[in-house]
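Undergrad: Residue-level listing of the chains:
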Amino acid sequence: MTMSDGHGSLAARPAREATTGVNTGRRRGRRGEQPVVPDTQFTSYYGKPIINGPVWKSPDIPAYLFLGGLAGGSSLLAAGAQLTGRGRLAAVTKVGAFGAITLSLGALVHDLGRPARFLNMLRVFKPTSPMNMGSWLLAGYGPLAGGAAASAVTGKLPKAGAAATAGAALTGPAVAAYTAALVSDTAVPAWHDGHRELPYVFVGSGAAGAAGLGLLGARQGEESPARNLALFGTALELAAFKRMEKRLGMVAEPYRAGRAGLLVRAGETLAAAGAAGSVLGRRSRVARLLSGAALLAGSACTKWGVFEAGLTSAEDPKYTVVPQRERLLRQNHAGGGEAQRGNPAVPQSG
Amino acid sequence: MTTAREATDPAAESGYTDHPPRMGFFTDTTVCIGCKACEVACKEWNAVPADGLDLTGMSYDNTVGLGANTWRHVAFIEQRKPLAAQDPGLHHDTDVLAMAEHGSATQPPEAGMTPTTPGSGDDFRWLMASDVCKHCTHAACLDVCPTGSLFRTEFGTVVVQEDICNGCGYCIPACPYGVIDQRPDDGRAWKCTLCYDRLGEGMEPACAKACPTDSIQFGPLDELRERAQQRVRQLHEAGVGEARLYGDDPDDGVGGDGAFFLLLDEPEVYGFPPDPVVTTRDLPSMWRHVGAAAATLLAGAAAAFLGAGKGR
Ligand code: SF4
Ligand code: SF4
Chain Y
1 MTMSDGHGSL
11 AARPAREATT
21 GVNTGRRRGR
31 RGEQPVVPDT
41 QFTSYYGKPI
51 INGPVWKSPD
61 IPAYLFLGGL
71 AGGSSLLAAG
81 AQLTGRGRLA
91 AVTKVGAFGA
101 ITLSLGALVH
111 DLGRPARFLN
121 MLRVFKPTSP
131 MNMGSWLLAG
141 YGPLAGGAAA
151 SAVTGKLPKA
161 GAAATAGAAL
171 TGPAVAAYTA
181 ALVSDTAVPA
191 WHDGHRELPY
201 VFVGSGAAGA
211 AGLGLLGARQ
221 GEESPARNLA
231 LFGTALELAA
241 FKRMEKRLGM
251 VAEPYRAGRA
261 GLLVRAGETL
271 AAAGAAGSVL
281 GRRSRVARLL
291 SGAALLAGSA
301 CTKWGVFEAG
311 LTSAEDPKYT
321 VVPQRERLLR
331 QNHAGGGEAQ
341 RGNPAVPQSG
Chain E
1001 MTTAREATDP
1011 AAESGYTDHP
1021 PRMGFFTDTT
1031 VCIGCKACEV
1041 ACKEWNAVPA
1051 DGLDLTGMSY
1061 DNTVGLGANT
1071 WRHVAFIEQR
1081 KPLAAQDPGL
1091 HHDTDVLAMA
1101 EHGSATQPPE
1111 AGMTPTTPGS
1121 GDDFRWLMAS
1131 DVCKHCTHAA
1141 CLDVCPTGSL
1151 FRTEFGTVVV
1161 QEDICNGCGY
1171 CIPACPYGVI
1181 DQRPDDGRAW
1191 KCTLCYDRLG
1201 EGMEPACAKA
1211 CPTDSIQFGP
1221 LDELRERAQQ
1231 RVRQLHEAGV
1241 GEARLYGDDP
1251 DDGVGGDGAF
1261 FLLLDEPEVY
1271 GFPPDPVVTT
1281 RDLPSMWRHV
1291 GAAAATLLAG
1301 AAAAFLGAGK
1311 GR
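So the sequences go chain by chain: Y and E.
Counting with the numbering used here, you get residues 1 to 350 for the letters of the first sequence.
Counting with the numbering used here, you get residues 1001 to 1312 for the letters of the second sequence.
Accuracy of the hints is not assured; some may be wrong.
[To be verified] In silico SDA-like pairs for lysine to any residue, Cα to Cα no more than 25 Å straight-line:
#1 Lys318/Y - Glu1078/E
#2 Lys1081/E - Thr43/Y
#3 Lys126/Y - Glu1078/E
#4 Lys159/Y - Leu1298/E
#5 Lys126/Y - Glu1154/E
Hints were generated in silico from the structure; no laboratory data involved.
Bear in mind that the values here come from a model prediction, so they are computed numbers and not experimental data.
Model the full assembly from the supplied sequences, consistent with the hints where possible.
TA: In structure tokens form, the structure reads like this:
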């Protein structure tokens, strides 16, 4: 017996031929047909979301995003500080990187529906899954950061410690950046559509956070690389964010509205204040500490804001429907072709 | 525009060599009567837990949408549009009172008539549609699953292995249709399996079996696509100009759905995305930008130290 038995020919199933919806009788033309709604007008099914929003919990996942960036940036500061003989800065950032990545991993595992099955992440190697790639990356980076920190704290095995520090510095940038692909590789409009700029926002924010840690922990006189990194990270983050909002149009709304908007604004303000304070107050220890704290808090707020904006954009069907409608409209104009159907040959973004 | 290409064979792409034809659903919403037999049959067969009773006020839809505990969902849409009016075959010149005098002695040719006159009230139509996992050709849920829990079957369908899923939740926002979801008490992700267990036994899925009007048709996807084209042609000839297929096109953003639909209005009216695209289509670009951003960070950090000079 084949699978299609019992679903036979058309003639055998008259019900399939019922012309439901056909008005064979008198047509009622009294009301005058309303013009068809313009294609960009937004309709939905009772205002329900089209996609199922992320079930990722706050603060687990925002913390995971923030701590990953902090760890990656700190490993870079650590390596540079070690090379240039800034001992205290190196030690603080090494310990900070390991602490951050440990907490980050903890947050991720805590967020799992089945934490005991965490290691299933490593049962395959799957480049189409940023979470899988991230797990492998953390499996490599974690021990390196741990080795660097252990050697710095105990003073034992300095050669191995230096090698681990170098390894962590080389993998650290990827740790700070890959979480952007992680959130972008979803159907969440504010995340997916921002996939070109989010990696820069994330590394910028990570650098600023790490610089904040450096400013807090450095010995007086050691801190100028941290200050430079704060300027670089903040400038990169703010510029990339601006660019993203400009390109996204209405899909960027959630980044500026409500709770998410508040967090994003707080993140930007704290980062700018921290970076400025570290420069202007360079002679004052208090200003340095305050700036460091502001940078750290700013980095956390930015990641949190991006996370919340994603949730908002998933919740409201307009962010899913309107851009897709506009894309279809553009294609129909461009192709002069048949309406109603998408054409993947025209990429929505690159 | 792309030229029509060989339809992707997802099972073959996943490494099956000698595999059965790709199986799927064709859901013809024009004959759906909203009985929800599919919802019930699915719950029964798959032992899907109850998810409470909620009166939503959304017409007859108290199920709201697909999720971990709803693998078939019947949507109800009430519209001020003409067209649902079928010609009941009444003869308005018939004297119903005279007929009523016949009492139960109505002559056989007249039987089946009702004494009610069809009102000429406002335009109204009721759309019903049974939604389900699309078993995409390019399935985002499957692509992003970090554990390999989601896999492609030999029938070309997409199934979660519940003994492997660790509840990371990645598949949930990845699906462009809002199909798969997490069971909060259980932590894992669940969705329609296209009755993988029944298919293996040569049986059709429970929902298709239960559907009394054949609104849900199950079979080899090629055959279904052909039949659907024919059905649309038939409806167009009958004057139903807005009949259209949704998800049947192998050139769409997900490479075509294994479960596709015949609709009478725009997809978003039914809660479908109008132009879904598998998120992983942009993944190469994402990785490129991630790589460039990581390099930028590395360069920025190097510059931070070079700019600081030695010792300060
Ligand atoms: S509809 Fe969603 S859950 Fe179903 S196969 Fe496609 S991506 Fe996966
Ligand atoms: S929740 Fe389960 S099925 Fe979904 S992506 Fe994670 S491991 Fe895969």
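Undergrad: Next, verify each hint and record whether it holds.
TA: Checked hints:
Taking the CA atoms of Lys318/Y and Glu1078/E, the gap is near 20 Å; set against the 25 Å cutoff, the hint holds. Between Lys1081/E and Thr43/Y, the direct Cα distance comes to roughly 15 Å. Compliance with the 25 Å bound is thereby established for this hinted pair. Restraint check: the Cα-Cα separation between Lys126/Y and Glu1078/E comes to about 45 Å, which exceeds 25 Å; the hinted pair is violated. A hinted pair counts as satisfied when its Cα atoms are at most 25 Å apart, and Lys159/Y with Leu1298/E qualifies at roughly 23 Å.
Between Lys126/Y and Glu1154/E, the direct Cα distance comes to roughly 20 Å. Compliance with the 25 Å bound is thereby established for this hinted pair.
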